[in-house]
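A.B. asks: Spelled out from the first residue to the last, the chains are:
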Amino acid sequence: MSQSSAAALLAWLAIAGCDPFHTGFDDVEGAQSYRARTLTAADDSPATLLVMTYNIKFAGGRIDFFFDCHGDRVLMSKVEVTAHLNGLAEKIRQVNPDLLILQEVDVNSKRSAHVDQMQWLLDHTDLNYGVYASQWKADFVPSDGIGAIDSGNGILSKYPLSHAERIALPLRSDQSGLERYFYLKRNVLTARLVLATPEPITVVATHSEAYAKDGTKQAHVERFTRELDRRSEQGQWVIGAGDLNTLPPGSEKQFDFPDSVCTDEDFVADDYRSESELLVPLYERYRSAIELGEYKEDNTRHFTHTTDKNGFWNRKLDYIFTNLKVVDGSGQTHQDAASGGLSTMPLSDHAPVSVELELP
Amino acid sequence: MKPCCIKAAFAVLLFSAVGYGQPLKELRQWSGEHALTLPRGESEIGLFSQSRHGLTDRVELGLHPLLFFVLPHAEIKVHAEHGWRWAWGCRARLAYPTWFLKLVSREGSGGLLPKTSRPPHALQLEGDVIGTLSLGKRQLASAFLGLAVAPHQSFTADELPLLDFPFLYPRFAPLYNGFVPRSTVAFEGPLFSGLHYMASARGYLMLELVDVGTTYALEQALTLEYRFERLAVSLGTRASEAEYPVGFRFHYLPYFGVRVRL
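Protein sequences, first through last, are from chains P and Z. In the numbering used here, each number is its position in the first sequence, counted from 1, plus 412. In the numbering used here, each number is its position in the second sequence, counted from 1, plus 216.
No lab work stands behind these hints, which were simulated from the structure alone. Quick reminder that beta carbons are idealized off the backbone N, C-alpha and C, glycines included. Worth double-checking, as some hints may not be accurate.
[Claimed, not checked] DSS-like, lysine-lysine: derived pairs with alpha carbons at most 30 angstroms apart:
no.	chain 1	residue 1	chain 2	residue 2
1	P	Lys625	P	Lys737
2	P	Lys708	Z	Lys331
3	Z	Lys331	P	Lys625
4	P	Lys708	P	Lys665
5	P	Lys490	P	Lys737
6	P	Lys625	P	Lys708
7	P	Lys721	P	Lys665
8	P	Lys708	P	Lys737
9	Z	Lys353	P	Lys490
10	P	Lys721	P	Lys708
11	P	Lys625	P	Lys665
12	P	Lys721	Z	Lys353
[Stated by the list, open to error] Covered stretches of chain P (chain Z as the covering partner; in silico rule of three or more C-beta atoms under 8 angstroms from a C-beta of chain Z):
no.	segment
13	480 to 488
14	544 to 556
15	598 to 605
Bound conformation, chain Z alone (with noise of 0.2 angstroms):
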């Protein structure tokens, strides 16, 4: 799907959205991409996102369940305040990608890096703000604002190479210039029956990024998941358009998931 038929689809839902709001807190059943966090006591697995789980009513952890084996993380999201058709948190991540990026290091089919990179301890630490409000029946507008960090070990071109592939690269940007700030809209809500969408754009400003300058990453996601009771399927797209070092390229994938809610 090209970039700009995302932007219209994003234009379309947020104009019919408009004008009708929900209270905030009827809309805590699943987690998403606003500020709103689970109920305590509530957990939530993802089969290929994050699981998370409501620690307190205004707390909720959060980590993949597949990707925390090679690549060690936790994450937080604080639900701040609320009021009627307003809500806002933030949302801080903690990565150790050492272990990740020698996982990848290697020969043959996987190989993202060359065998001999030596991959630098590290540490990602992720933090946005989020704003979130309630724009139409159940509809939900949100904006995030963040910045990413990467203190490591001191490395040389040689033992960690620029690490461009697709959706990796701006996420690992941090690792070669030190932060990256970013910031999302998300847009969710039904759309019929147990259908929902969400639809989200995020940019990565990258600077003075090794081999390439001062660039940017977008991505784009649009997702249909569809809802019972406890259970959620999906089926989406993400787009990704960034400057690398051999120039403009746009990649999407496409997305599967399932979501149990215990």
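Bound-form chain P, shown alone (with noise of 0.2 angstroms):
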């Protein structure tokens, strides 16, 4: 788009109203509520927590869309996003967690054939409980045939959720207006567990920015760990986790991974060596799901993502953080049959992480 059509169109939208297409939300607001349609009892008192986060890409499986480079699908069909949850959801029930933390989960969105992911993943697993906070939401984006969406960051629970919240993170300073307009508005999604515990259990979620050139991403970052460190001093459990599209500190490799594609500048997050010590205040205020010694000694056994559905995992960028105590060895990455029991490959762009925490 020229210059001056980007310029007619955002007089346009000024004159229009301040939000013709709906996509905006407030600082800070509540967050979508799901149950199940059938609730699964649940342990009243458990002694401890399985946590999983998972980036599910919107129930698209391994179809190559135009984003990544890799094809031009932008729409799926009804029958394929059924076919992607039914995989994704046989791989939440073989896991069984308590507490599951997703990332891209679409509720409304053209792309995925308007299946609301939040409200069938909990219809067809033991989890009974869920909030929602959309990190893009527009009645139309008008780009590359988007059209509707509504996709974010998903908890869902066996036990109930009480005070869900959507927090605002920064928005990119790298667009034009009319850009940002349409791009996503990324979020930390909080909800309290409720539980008989002696301090309340407090879950932060969050998927950071991917492809900000201007610190976005490293001000995600930072959001979400004052989240977690706010709550804890105030004497909290809490269990952070998502996708934050950053690798850990001491990775072997990063830059110049083989699965990325993109020629467009917009859509290139192949080099991380500026971001390098993002996480350090995460693991050394926290316990992770895979503890930073584990994964030094062996990077690719803990790596969770690639664009390419020919290739195997090749960075790690999802994670579970807690103050909680970790039971001994049980944080795990789900790469394959033989990591996790089912081949997690042909799921998502992204391979799910969990561990399984010790309530006080």
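Reconstruct the complex from the two isolated chains, following the hints.
C.D. replies: Printed below as a string of structure tokens:
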């Protein structure tokens, strides 16, 4: 789009109202609540909590979409979405987490045939309650044929959730006003697990910026860390998880990944060298599903992402941090049948990570 | 502007206008949402609206000068009959939407449909019967009843996903479900000096639309226009309320127009 036509469209947007396509959010607002159609009984006083984080790529499976430059697909049929959700649900049922933190879950998007994936997964697993915070919402995105979108972060749990909040994260400053208007507006989603513990357990979920070149990703990770710190200092138990879109400190390979085939600078996320220390505060202050020492022994066993369906996981982007006690040796990266019981490569461009936590 | 405000404006204008009449033939200076046509030989050029030409005293041709090059179309309005305070006529429009659909099937900005879409060859035929009544001093009230159909080559959902962009959505709906009945009520008249108002409400009934089912769209327009002898400048708003695959949504956009009488 030329500068003049972009300016004209911006002027039109300004005249048409502040938010003609309903893309905006408040700084802090309530999250959307969900409940499974049929509740499954859960242990009343569990001694441990099995936690899993999973970026499910809006149930896109291994379809080659336009944005990761391996293909040109934009929209899926309902049959495709349901087939992918069936695969994801099978994996979730196999792990059987008490708490599942999801990224890139669509609830009403044209690209995923308007299937409400939060509700679908609640209805097809033993999870009972959910909260959702959109990170990309628009009545219509007039670009690439995307159309209507509502995609974001979710927390699903066997136990009730309360105090759910969507906290807005800073927006990118390296985009034009028009791009920013229709672009993702990321968030930190928080909720309390309703369990009979002496102090509340708060779940903090996020999905940090991937492509910004202006420090937005760093700001997102810092805000996520601050939220964990704030609640931890208040005496709360915290479980923070998500796709942080950055590598652990000390990663052997930090740039030039073989699956990065995008030439458009807007979609290149291939060089992590300038952010190699970004997660140090999290690793220093919290226990991790995969401790840094274990990761450094063999990076490859804990990789969680690749965009290449014909390749294999080649970097770690997904994390669980907590101030609860981790059950020794329970942290797991579910890469394939050998490491998690089922192959996860066909299900998403991310592998799930899980850990078992001791409850106080 | 909320739909209820526009509806209230219609009501006020309607009741204030009832009781007075004026010979309709005196009101045929500017084209509009009514059964009257431009006098023979008169032309009107619209910058962001249809341009029209009075082919005969009863036949008016119209096309949008900018839109024509991406969405070839032509419109004809026939003024069938009139009395002292009433007139009726009909309007027909023929369009070839395939080029436009190809244009918006693109990567990046302006991509309303995926670039992999393969829009079929299609024609869009629209017809309306129009009745107009002179209600007050140069006040016109009109009602339209019409149907849009779109014969086309067969296509799959991958070849042409639903075009659900606001305002375009009900206009392209016949491509997906065959036909769309529609109805309009429109009012216009002078307010004071050269300032005129134009207000209209249009409903579309979309039967068994893909991904949605049977649903409707409502559009409302409110425009203020200052008319000089041969130039008219207008400002207004267009509002749309419709059920999309994502649910009901309300949208509005500002409108600016310039018309010149030749």
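A.B. asks: What hints, given by number in increasing order, does this structure fail?
C.D. replies: 1, 2, 5, 9, 12, 15
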